[in-house]
Amino acid sequence: MSYIQLAYSDLILPALLVVMNGALSLALHLKLERQLALASMRMVIQLVLVGYVLTFLFAVVSPFWTALAAFIMVLFASREIVARQKRRLEGLWTYGLGAGCTLLAAGTVTTFSLLSQLRPEPWYHPRYALPLLGMILGNTMTGVSLGLDVLVNGVVRERAAVESCLALGGTRYQALLPVIRDALRSGFMPTINGMAAIGLVSLPGMMTGQILAGVEPVDAVKYQLLIMFLIAGGTGLGTLAAVIGGGRLLTDHRHRLRLDRIASEKLP
Amino acid sequence: MLTVSALKRLHIVVSFELADGECIALQGPSGVGKSLLLRAIADLDPNEGSVELDGVSRETMSAPVWRRQVTYVAAEPGWWADTVQEHFTDWDLATPLVDQLGLPASCGTWPIRRLSTGEKQRLGLVRALLLHSRVLLLDEPTSALDAASTASVEALVAARVSAGTSVLWSTHNSGQARRVGSRLFMMASGGHLEEHSL
Chain X
1 MSYIQLAYSD LILPALLVVM NGALSLALHL KLERQLALAS MRMVIQLVLV GYVLTFLFAV
61 VSPFWTALAA FIMVLFASRE IVARQKRRLE GLWTYGLGAG CTLLAAGTVT TFSLLSQLRP
121 EPWYHPRYAL PLLGMILGNT MTGVSLGLDV LVNGVVRERA AVESCLALGG TRYQALLPVI
181 RDALRSGFMP TINGMAAIGL VSLPGMMTGQ ILAGVEPVDA VKYQLLIMFL IAGGTGLGTL
241 AAVIGGGRLL TDHRHRLRLD RIASEKLP
Chain C
1 MLTVSALKRL HIVVSFELAD GECIALQGPS GVGKSLLLRA IADLDPNEGS VELDGVSRET
61 MSAPVWRRQV TYVAAEPGWW ADTVQEHFTD WDLATPLVDQ LGLPASCGTW PIRRLSTGEK
121 QRLGLVRALL LHSRVLLLDE PTSALDAAST ASVEALVAAR VSAGTSVLWS THNSGQARRV
181 GSRLFMMASG GHLEEHSL
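Protein sequences appear in the order of chains X and C. With the UniProt record's numbering applied, the first sequence covers 1 to 268. With the UniProt record's numbering applied, the second sequence covers 1 to 198.
No lab work stands behind these hints: they were computed from the structure. Mixed in with the good hints there might be a few duds.
As the list claims (entries may be wrong) - To give a feel for the contact side, a few chain C residues facing chain X, derived at Cβ under 8 Å:
1) PRO46
2) ALA63
3) THR71
Claimed, not checked - Derived list of chain C stretches under chain X, where covered just means 3 residues or more per stretch with a C-beta under 8 Å from a C-beta of chain X:
4) 76-88
5) 120-134
All C-beta atoms, glycine included, are put in the ideal place defined by N, C-alpha and C.
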């Protein structure tokens, strides 16, 4: 297996393409240049750092360091989930629900694939565990944040319908069901669209990376299929847990709608 | 008998009794808390105090069971499906009531987006009446209706009251309060109730 190695100096020319986008933003008054510069800087620093961190983790192959890295990834994912919410739940639940569901789903699916399919030695080997977790986490995070966003906004928008159902003796699950369905559909949709378009419209990054690194395309495809199945499972599990959990938090044991638990809807 | 004792929700603190087959009219300025009171009795918002039906506390039963006996009807009822009849477990049972309120039986297939505010208000009332609740908490149920439709709603509810249903009817219309109520409660800005003669 051989691949063409890149030096940092090889990246200067491609980076000019981002500079070109900045110039375009300035010329067209898009006001995106600052955001673009910050995002580019973050990307470079984060990726370079992660390169060194992974090199260290692959060298030590320690369950403690691997678990710590996974935990930090989940923390950042939960922060990202909250940042994507138009309306947020109050208090610790703001972070707890997204983080808990993402950890549950991505952790379960990653562990499942490590123990049942890939079986590296040891099973928690960071070379396999962390890239897998990262890919599943990224997609689960998208599903969870979309599902929660649609749920919370839907409950606020459909408040009259939900409360009418409750007033007529419906349970909180009966009353929330139409909103829960919408939220689950939204959470699942990016994964379904991604699966439908893959191979025709886009070649996924991981598969492209493996091919560039010298892996036979047919073998790279097998890995990609495994990843896609795991992503579908993780996204489904995470979105379901987040939306059902969110539904419980937005109601109480007396089957009352509790919009006061949304930070922006709280009465003064 | 509905017994409300020291029921507290935000600034509202009230105690009263509502006998079987009695209709109490509830009046007061906008924003004073009439809807909050009705919603608190139905246990739709967090509240404190005691509410009992025939001496049985609502806490001894699940909230859905309580609300099927003590039913709140909002001034602007909400709708969760696309057509009218999808909101009824048996549309055939609804058609006689729908007819009494001046709507055609065919309105079951109407899309919700086609309904006027007044049609929604009447259909929302029909939906609640089909539960045959012991107590109805009506929140301005005729605020969007013309005189004829208002009269048909009042007649329909009066028939239920004669049959033993208890009603707490919030209204801004003093004439309606006199027509429908056997007692009149005025809610003052402090959130307490004063009984006035009709």
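Inset, instruction - Run the structure past the numbered hints and jot down the numbers of the failing ones, going up. - result: none
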